[in-house]
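**Q** Now for the letters of each chain:
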Amino acid sequence: GAGVSQSPSNKVTEKGKDVELRCDPISGHTALYWYRQSLGQGLEFLIYFQGNSAPDKSGLPSDRFSAERTGGSVSTLTIQRTQQEDSAVYLCASSRGPGQQETQYFGPGTRLLVL
Amino acid sequence: AQRVTQPEKLLSVFKGAPVELKCNYSYSGSPELFWYVQYSRQRLQLLLRHISRESIKGFTADLNKGETSFHLKKPFAQEEDSAMYYCALRFSGGYNKLIFGAGTRLAVHP
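Line by line, the protein sequences give chains B and W.
One point on numbering: in our numbering, the residue at position 79 of the first sequence is 84, and numbering is uninterrupted.
One point on numbering: in our numbering, the residue at position 65 of the second sequence is 309, and numbering is uninterrupted.
So here's chain W without its partners, still in its complex pose (with noise of 0.2 Å):
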């Protein structure tokens, strides 16, 4: 079945530290996949997807399929990047439904 995991649920880092937020999926085929943010009190919302190989409010990400992982990364944390992130997974066949991680929460201190 398909599957993502975040194993972290929390992580803390200093203002201007690296940040990466890890995320593992299971899937034998061709994934597509997604980084969803939510800012406190806001709607959850897409950060980037792998296939559009953007980087989006200096983060970026990239599809390892050897390792299965689609790591987010941000060489200087702000501290506005405090948020809870989502990993997602979008699979053919699965129409257009998305599987998500559990989440990471990323607190930025000054």
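Bound-form chain B, shown alone (with noise of 0.2 Å):
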């Protein structure tokens, strides 16, 4: 079936403007994630969604980050106002459910460059 989608591929933007990342994840999947994949500094863990609760918000750096996930599919990531220290690789990962035994799967990601 289909993976984990995510749009755009690729943005430019210029500072202080937002933007809007979307990820469309494997469907029947409840749980969902974002992560940022900067340059030599690996993956970080920015948001999780599961189901219905409360989301886990603990890894977004600041408050000009936002995401939500409407009817426990789609998810948006919004980056108000950004900054040149922004640009990085922005990955969504989906699995089935939050056990310990559950695959997360990845997008392929948005590449954001901030001018």
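Any given hint could be a false lead.
As the list claims (entries may be wrong) - Just some of the chain W residues that point at chain B, by a computed CB distance under 10 Å:
1) 248
2) 250
3) 280
4) 286
5) 287
6) 288
7) 290
8) 293
9) 330
10) 332
11) 342
12) 344
13) 345
By construction, these hints were calculated from the structure, which means they are not laboratory data.
Here a beta-carbon is modelled for each residue, glycine too, at the ideal position from N, C-alpha and C.
Using the hints, build the complex out of the two chains.
**A** Below, the structure written as structure tokens:
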């Protein structure tokens, strides 16, 4: 079946502008995660959604970052007033549930460049 | 705080040579450790997890709680193993989020 999809694949924006990144998880997956992959920094956890529970926002780096998940499916990560340090690849992943046996499946990522 | 360290940014070997990608973690409880791999122009994917105690594509990894390590090993590297490898930790109470290391790029030369 279809894997996790993300859009856009690339985004170039000017400093100070807002951007929205979209993630479509695998159908039926209740858990959804956002990570950020900065050059030389590995992957950094941002936010986690599980069903209708309150999201775990502990990884969001500042209040300029927010995310929502509508209808338990599609998620949007919004970065307001973008800064150059926000440039990174933003990865989305989903899993069937939160259980420890559940594998996270990653999307192709959105490469964000803030000029 | 939970942390994963991959000390090598780049590991360069010749085909047929043994490979060991190092991973150390910081966590006082019982961790769950993973290796993820990202081949060129492909998405990140799970390679193996310690609880499965399996060998995938000839790779194995053993969790050593005494040394807090989860090194990835393969006795004979192949060119197609060239990729970025990430070690990741999942800890109890952390829901299902993963803590990743910075990654090691493995380059296998002919």
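**Q** Close enough to count: is the Cβ of residue 293 of chain W nearer than 10 Å to one in chain B?
**A** holds (8 Å)
**Q** Does the interface hint hold: is residue 345 of chain W within less than 10 Å of chain B, judged Cβ to Cβ?
**A** holds (5 Å)
**Q** Double-check residue 250 of chain W for me: the hint is only fine if its C-beta lies closer than 10 Å to a C-beta in chain B.
**A** Residue 250 of chain W check passes; min Cβ-Cβ to chain B is 8 Å, inside 10 Å.
**Q** The hint names residue 342 of chain W as touching chain B; please verify it with the least Cβ-Cβ distance against 10 Å.
**A** Hint on residue 342 of chain W: holds, closest Cβ of chain B at ~7 Å, below 10 Å.
**Q** Does residue 332 of chain W pass the interface check with chain B, least Cβ-Cβ distance below 10 Å?
**A** For residue 332 of chain W, the interface hint holds, since the closest Cβ of chain B sits about 8 Å away, which is under 10 Å.
**Q** With a cut-off of 10 Å, does the beta carbon of residue 288 of chain W approach a beta carbon of chain B closely enough for the hint to hold?
**A** Holds, about 4 Å.
**Q** The hint names residue 290 of chain W as touching chain B; please verify it with the least Cβ-Cβ distance against 10 Å.
**A** Hint holds; residue 290 of chain W Cβ to chain B Cβ min 5 Å, cut 10 Å.
**Q** Is the interface hint for residue 280 of chain W satisfied, with its Cβ closer than 10 Å to some Cβ of chain B?
**A** OK, holds: residue 280 of chain W within 10 Å of chain B, min 8 Å.
**Q** Taking the least C-beta to C-beta distance, is residue 330 of chain W closer than 10 Å to chain B?
**A** With a closest approach of 6 Å, the residue 330 of chain W hint holds.
**Q** Just to be careful: measuring from the Cβ of residue 344 of chain W to every Cβ in chain B, is the smallest value less than 10 Å?
**A** holds (4 Å)
**Q** Would the hint on residue 286 of chain W stand, with a C-beta cut-off of 10 Å toward chain B?
**A** Holds - the Cβ of residue 286 of chain W comes within 10 Å of chain B, reaching about 8 Å at its closest.
**Q** Take the shortest C-beta to C-beta distance between residue 248 of chain W and chain B; is it under 10 Å?
**A** holds (8 Å)
When held up to the earlier numbered hints, the structure conflicts with none and fits them all.
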